[in-house]
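Could you put the whole structure together from the sequences, leaning on the hints where they help?
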Amino acid sequence: MKIKVTNRDGKKVILEGDSNSTLMEIIRDEGLDIEAACGGCCACATCHVYIGDKWFQKIPPRNDEEESMLDQAFNVKNNSRLSCQINLSEELDGLELELAPE
Amino acid sequence: MIEKTDVIIIGAGPVGLFSIFELGLLNISCHVIDNLDRPGGQCAELYPEKPIYDIPSRITITGQELTDDLLAQVKPFKPVFHLGQQVDKITKLDSNDWIVETSMNKSIQARCIVIAAGAGSFVPRKIPLKNIGYLEEKNIIYAVRNKSLLEGKELLIVGGGDSALDWTIELSKIAKVTLMHRRKEFKAAPDSVCKMLELENEKKINFLIGQIDNIEDLNNGKIKVITKNDEKNIELEVDFLLPFFGLKMEIGPIANWGLKLDKNLIKVDTEKFETSEPSIFAIGDINTYPGKLKLILSGFHEAALMAQGCFKYCFPDKKNIFRYTTSSKDLQKKLTSI
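Chains as they are written, first to last, in the numbering used here: chain A, 23 to 124; chain B, 53 to 390.
FYI, nobody ran anything at the bench for these hints, they're computed from the structure. The structure presented is a predicted model; accordingly, all values stated were derived computationally and were not measured. The C-beta atom is built at its ideal place from N, Cα and C for all residues, glycine as well. Don't take each hint at face value.
[What the hints assert, rightly or not] So the derived label-pair ranges between C-beta atoms look like this: (1) A/D86 with B/T143: 44 to 50 Å; (2) B/S380 with A/L37: 48 to 54 Å; (3) A/L37 with B/Y341: 23 to 29 Å; (4) A/K24 with B/D89: 56 to 62 Å; (5) B/E203 with A/L54: 56 to 62 Å; (6) B/K199 with A/K33: 43 to 49 Å; (7) A/L37 with B/K255: 34 to 40 Å.
Below, the structure is given as structure tokens:
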């Protein structure tokens, strides 16, 4: 399963995902520049990403908890997500996303 | 007045709390300092209600339960807590003791320092715009300390949580308040939301949906905040901007103490978990060594070995006889002294 990430400096990297992980875990373990301070329990808003347009609809929508945490993020867009709340699955093979600033 | 103890623990998270226990078994007294106003660190602040499944023998335990149980476990050792303050400065004396100074002007002297500060101190999350640092306290206020400063002024409060709404309600009595939030739903307590909507209806405050896009200094004591939402950009000229975006963790002053760091984590040995500076130890999420795992249980292990290391500094002439709590009458007496 491939995940295409655009870094903060605009560089694109392709990561290998697996269906037992969250998107945040894959990005963090690759050493990309997200803080993921709370470790993935939806308590910090430091794993903020923008999901590519055609992929956004394929992911189950944000729940209340994620919405509330996004209130603490900056530059929130319609396609904003906290990557710790996205469980990877085979349908998301090829997923494109961009790391949000800061 | 300088207070004295054997060891100062920086950080009252689970690993800092368990250090009190491990040090206490070795007759080492300690004081604990934390920036939050209650013990528990991330466990109590970020996920008090969420289950943790990898604390040995606890099938499931919440962050708050773990904190409460650790506090009960360390009670016999009578730790002294200094909460709501951060360590600003450390100084080594000729005697090799340390003096630790906190943001509340407290000075404490000890033989050793144990840094168990997790991901750092919780501080207000700041607006990530470049070149606005100098406006802090002047036009941008992250924590209201002096309300009278805001009297009669035009304020823009941003956020949707309790802080943002509580301050909107409170400051609407003395100032001209606009509240901005990125959506019409609020995380704040329902009572506060009702009260705020009432104030909006009565035109006692303005409410705006949007986010901060940019900030300009108007050089007349005011700032221009450019806000954006899906439809349009609105520019507001205000005296003060009060952003409430929750808390984040920052390593803070610790990074300037001359300890060897690796990517903002403190390098330690794996025998005593001592830093590059003798008699300063670092345990839990804030340290790094080959094979490090950021787990609470690793932090507990590190605390036990750190305590052995501290013993040598606290009692250089004494022999440390290894004892089990199960079999040592002396340890049992200590543990049941309460």
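Outcome of range test on Cβ distance (A/L37, B/Y341; 23 to 29 Å) = holds (27 Å)
ask   = Is it true that the C-beta distance of A/L37 to B/K255 lies inside 34 to 40 Å, as the hint says?
value = violated (52 Å)
message = Within 43 to 49 Å: is that where the Cβ-Cβ distance between B/K199 and A/K33 falls?
response = holds (47 Å)
request  = Could you tell me whether the CB distance from A/K24 to B/D89 stays inside 56 to 62 Å?
outcome  = Once the Cβ atoms are compared, 46 Å apart, the range 56 to 62 Å for B/D89 and A/K24 is violated.
request  = Take the C-beta atom of B/E203 and the C-beta atom of A/L54, compute their distance, and say whether it sits inside 56 to 62 Å.
outcome  = violated (47 Å)
ask   = Given a hinted range of 48 to 54 Å, is it respected by the beta-carbon distance of B/S380 and A/L37?
value = holds (52 Å)
ask   = Is it true that A/D86 and B/T143 lie within 44 to 50 Å of each other by Cβ?
value = holds (48 Å)
Hint compliance for this structure: hints 4, 5 and 7 are broken, all remaining hints hold.
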